Amino acid sequence: MAKRKSTTYMTYGEQIAGVVFFVIYLLVLPFVTTPLFNLAERLLDTTISGAMRNILYYYILFAVTLIIFHGFLARTSRRLLDNLGLACKSAAVGLVGLYGLNELVYRLTNLIFTNRTNLNDTTISAQIDDAPHMTLLIVIFLAPFVEEVLFRGLVFGNLKSKSRALAYAVSCLLFALLHVWQFAVVKQDVTYFLLMIQYLVPGLVLAWAYDHSGTLWSSIALHAAANALSTWAML
Numbered sequence: 004m005a006k007r008k009s010t011t012y013m014t015y016g017e018q019i020a021g022v023v024f025f026v027i028y029l030l031v032l033p034f035v036t037t038p039l040f041n042l043a044e045r046l047l048d049t050t051i052s053g054a055m056r057n058i059l060y061y062y063i064l065f066a067v068t069l070i071i072f073h074g075f076l077a078r079t080s081r082r083l084l085d086n087l088g089l090a091c092k093s094a095a096v097g098l099v100g101l102y103g104l105n106e107l108v109y110r111l112t113n114l115i116f117t118n119r120t121n122l123n124d125t126t127i128s129a130q131i132d133d134a135p136h137m138t139l140l141i142v143i144f145l146a147p148f149v150e151e152v153l154f155r156g157l158v159f160g161n162l163k164s165k166s167r168a169l170a171y172a173v174s175c176l177l178f179a180l181l182h183v184w185q186f187a188v189v190k191q192d193v194t195y196f197l198l199m200i201q202y203l204v205p206g207l208v209l210a211w212a213y214d215h216s217g218t219l220w221s222s223i224a225l226h227a228a229a230n231a232l233s234t235w236a237m238l
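By my numbering, the letter at position 113 of the sequence shown is numbered 116, and the numbering carries on one by one without gaps.
These are calculated hints, taken from the structure and not from any lab test. Note that the structure is a prediction, hence the values are computed from the model and not measured. Among the clues, some could well be false.
Beta-carbon label-pair distances, calculated as ranges [as the list claims (entries may be wrong)]:
| # | residue 1 | residue 2 | range |
| --- | --- | --- | --- |
| 1 | H136 | R110 | 28 to 34 Å |
| 2 | V188 | S164 | 46 to 52 Å |
| 3 | E44 | S166 | 45 to 51 Å |
| 4 | L177 | L69 | 19 to 25 Å |
| 5 | R45 | S166 | 16 to 22 Å |
| 6 | Q18 | L107 | 43 to 49 Å |
| 7 | L47 | P135 | 24 to 30 Å |
| 8 | N41 | G103 | 41 to 47 Å |
| 9 | L169 | L140 | 30 to 36 Å |
| 10 | I27 | R110 | 34 to 40 Å |
| 11 | V23 | A77 | 19 to 25 Å |
The beta carbon of each residue, even a glycine, is placed where N, CA and C say it ideally should be.
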């Protein structure tokens, strides 16, 4: 078996472009996406459904991710071929660990936050009812790919050279923040940030899968499998 190397191997250019894209993705797009689609509707004199907006949004994110990180993705793909057995094992162990720990955390948080609904899950469930095929494509393929490149490849991978503990902490916290902060703002209720606890376990396990296997494809596969199982449970 080939010796496992560090997961930190983005070029300086990839890091700079990635950070700019990440900031826009996390803090800017949630506010400007709807106005931009509304503007497109007026310019094109057409109506773009909510489902079509979602799929276009994620296709654009997917394309931009490929453009910025194509070199990194090629390198991590070669690592996958060099360590295929370890990558598969990491994803499988991660899936078992994720569901075991998630069940424990969900039970604990439901006891504490009985009046707080996970609006991210509710939103996905509604989107599945409205446009099942498009939503499944987003949830199982496009979103895991984009999120893993950004949160694990960019954030975790490049912080790991400074501190492994810092890399785990920051990538997990940012991943959790992504899934709750918009709802806290919309509801104007900061207590929704407490639901970040429910996303710390997935963030931790996904980072471990990348760290342990040395290839981002392990965490992408794990993320996709976990989302597929969660979606299946909603149906």
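Outcome of the hint check:
Between H136 and R110 the beta carbon distance is about 33 Å. The supplied range of 28 to 34 Å therefore holds. A C-beta distance of roughly 33 Å is found between V188 and S164, which places it outside the suggested range of 46 to 52 Å. Under the hint 45 to 51 Å, the C-beta atoms of E44 and S166, about 47 Å apart, fit the expected range. Range check, L177 to L69: about 21 Å between beta-carbon atoms, so the 19 to 25 Å window is met.
The hint said 16 to 22 Å for the Cβ distance between R45 and S166, and at roughly 49 Å that hint is violated. Look at Q18 against L107: about 35 Å separates their beta carbons, and that is not inside 43 to 49 Å. Distance hint check for L47 and P135: the Cβ-Cβ separation is about 26 Å, which falls inside the suggested range of 24 to 30 Å. The beta-carbon spacing between N41 and G103, approximately 44 Å, falls within the hinted interval of 41 to 47 Å.
A beta carbon spacing of about 34 Å between L169 and L140 agrees with the range 30 to 36 Å that was offered as a hint. A beta carbon spacing of about 36 Å between I27 and R110 agrees with the range 34 to 40 Å that was offered as a hint. For the pair V23 and A77, the supplied restraint of 19 to 25 Å holds, since their beta-carbon distance comes to about 21 Å.
Violation of the numbered hints given earlier is confined to hints 2, 5 and 6; the remaining hints are satisfied by the structure.
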